[in-house]
Amino acid sequence: MAISLDKALGIHQHALEGRVKRAEVLANNLANADTPGYKARDIDFQAMMAKAQEGMSGFGMTRTHESHMDTSPMGQDSELLYRVPHQPSVDGNTVDAQQEQTRFMRNAMDYQASFQFLNGKVTGIKKALSGQ
Amino acid sequence: MSLGSIFDIAGSGMTAQSLRLNTTASNIANAETASSSTEQTYRARKPVFAAIQQSMLNPSQQGLAFDSDQGPGAGVRVEGIVESDAELQMRYQPDHPAANEEGYVFYPNVNIVEEMADMMSSSRSFQMNVDIMNSAKSMMQRILTLGQQ
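Each protein sequence line maps, in turn, to chains L and E.
The first sequence begins at 1 in this note's numbering and counts up by one.
The second sequence begins at 1 in this note's numbering and counts up by one.
One chain only, chain E, in its complex shape (with noise of 0.2 Å):
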């Protein structure tokens, strides 16, 4: 417990928001990827936030049952990526080069307005954090000054 370890919440945090627009990005960038076939349509990819505990930081303290739930915790961490199982959209376009047989053209089932709402919230999560490392940085000058004239 320090004011230290604001810097490394508010970090993962901002790692976290990163990643989220850089995901964001992916999806908006491949947006009108065209395929011939389901499996090779690219997906929305969306990551998975999770919150990290202090006890999974210290090994000492997870034989303590009791203890699982102390804490204030640790910031944020991605779990993973997963890719949206929503419906691809199917268009006709025979003249396309990657039509199939019956002419049609698969798209991937990224939704340009969702992604553009995620980005913006993202970054401001992100300014968010930024805001709070500044905060806890004026803090810490302030404590070093403790005792000046």
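So that you can see chain L by itself, here it is in the shape it has in the complex (with noise of 0.2 Å):
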């Protein structure tokens, strides 16, 4: 019986990258705060969960061709949304640099809890091994 170990560390894998993503989106948006006509962005987290979630059930599809579509969990950004804004700017940003900071505060820490999920399957798997 093969140990698969992808598959031990369950969802947090996932939820770890997504959070890295979603990171990336936000540091983005907030480097772009005074940018005109630049619109924020940001992933539907929960989407992208359930895409890993289905992608881990063993029913994602192969890719031969390098211009296939990528229906990996991690692969296409079409979680990859725009958010609507509270209040016009003469500009046309739609970047609200304290709710960006917030989110990415928020999510950062939600990275944190991922992480300590991730860390405790690791000593389970590092405990079991050893044999103690």
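Any given hint could be a false lead.
Facing chain E, according to a computed beta carbon distance under 10 Å, are these residues of chain L, among others [as the list claims (entries may be wrong)]: (1) Ser4; (2) Thr35; (3) Pro36; (4) Ser89; (5) Asn107.
Beyond 12 Å from chain L on every Cβ pair, some chain E residues (computed) [what the hints assert, rightly or not]: (6) Glu87; (7) Leu88; (8) Met90; (9) Pro94; (10) His96; (11) Pro97; (12) Gly103; (13) Glu115; (14) Ser122.
Simulated pairs of lysine-lysine, DSS-like, Cα-Cα distance not exceeding 27 Å [claimed, not checked]: (15) Lys7(L) x Lys127(L); (16) Lys121(L) x Lys137(E); (17) Lys39(L) x Lys46(E).
No wet-lab data here; the hints were simulated from the structure.
Just so it is clear, CB atoms sit at the ideal spot from N, CA and C, and this is done for glycine as well.
Both chains are sitting in their own frames, so use the hints and assemble them into the complex.
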């Protein structure tokens, strides 16, 4: 019986990857807080996790050519959406710096949580392997 | 896509904001630089920001039309610096060494109050980017401890 480390770690590795991706998107929003015409973006985390779960169930599609659509959990950015602004601005920028910063901090906290879960899994596997 | 690219993004933001602070400093320093003709007078300078798309950095993806809008983007860049075309201040100062035949001197179209507000805004944005970088750093350090006791 083969041991699949991927399965042992569960959804947490995908969650962690998703958090990193979201951090990148939010960092980009903040960097462009003063760019005229820039539209703030965010990731639909729920959709991303649903996709990851689907991919884990083993019904994912194999890509045999590079121009095939990537249906892997973290592949396509179809969850990457545009934020609906609370109020219009003269220069067409939809970034609310304070809100984005709050989201970034929260995302960093969620990242810590995901990390904690993943670390627990790894520690558990290590314990099992050492057989003590 | 990785934590490393957050450093690039925040770094590009810091570069852009410090350039903005630079133009502000230049505008304030030259706010009282008088001149005898409209052509020679200093004009307020403003940087123009533009978002960097990931497809710009990765030329292999540029051919794909549907890909132009994809990707979270890769930071901000300064597209150029434009000079304000607001009206110059014309003051009647016949005793001024730079006064023209009619006794007028031209002063730059720098609005000090506007520049001060701009300065505060850019230094805040700079700080925000530093915060982002610090968060990314601690996230990265955390992942390095994975599996350690």
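Please verify that the nearest CB of chain L lies beyond 12 Å from Leu88(E)'s CB. Non-interface label stands for Leu88(E): nearest chain L Cβ at 24 Å, farther than 12 Å.
Classify the label on His96(E) as holds or violated, using whether its beta-carbon is more than 12 Å from each beta-carbon of chain L. holds (37 Å)
Residue hint Ser89(L), partner chain E, criterion CB-CB below 10 Å: For Ser89(L), the interface hint is violated, since the closest Cβ of chain E sits about 13 Å away, which is over 10 Å.
Just want to verify: Ser122(E) was marked as not at the interface with chain L; is every Cβ pair farther apart than 12 Å? At about 8 Å from chain L, Ser122(E) fails to clear the 12 Å cut-off, so the statement is violated.
With a cut-off of 10 Å on the beta carbons, see whether Ser4(L) makes it to chain E. Violated, about 18 Å.
Does Pro36(L) meet its interface restraint, that is, does its C-beta lie within less than 10 Å of any C-beta in chain E? holds (7 Å)
With 12 Å as the threshold, tell me whether Glu87(E) passes as away from chain L on beta-carbon distances. Given a closest Cβ separation of 21 Å, the condition holds.
Beyond 12 Å from every chain L Cβ: check whether that's true for Pro94(E). holds (41 Å)
Would the hint on Thr35(L) stand, with a C-beta cut-off of 10 Å toward chain E? holds (4 Å)
Assertion that Met90(E) lies outside the chain L interface [Cβ separation over 12 Å]: Holds: least Cβ distance 29 Å, greater than 12 Å.
Is it true that the CA of Lys121(L) sits at most 27 Å from the CA of Lys137(E)? Holds, at about 23 Å.
What's the verdict on Lys39(L) and Lys46(E), does the C-alpha distance respect the 27 Å limit or exceed it? holds (21 Å)
This entry does not satisfy hints 1, 4 and 14, going by the numbered hints stated previously.
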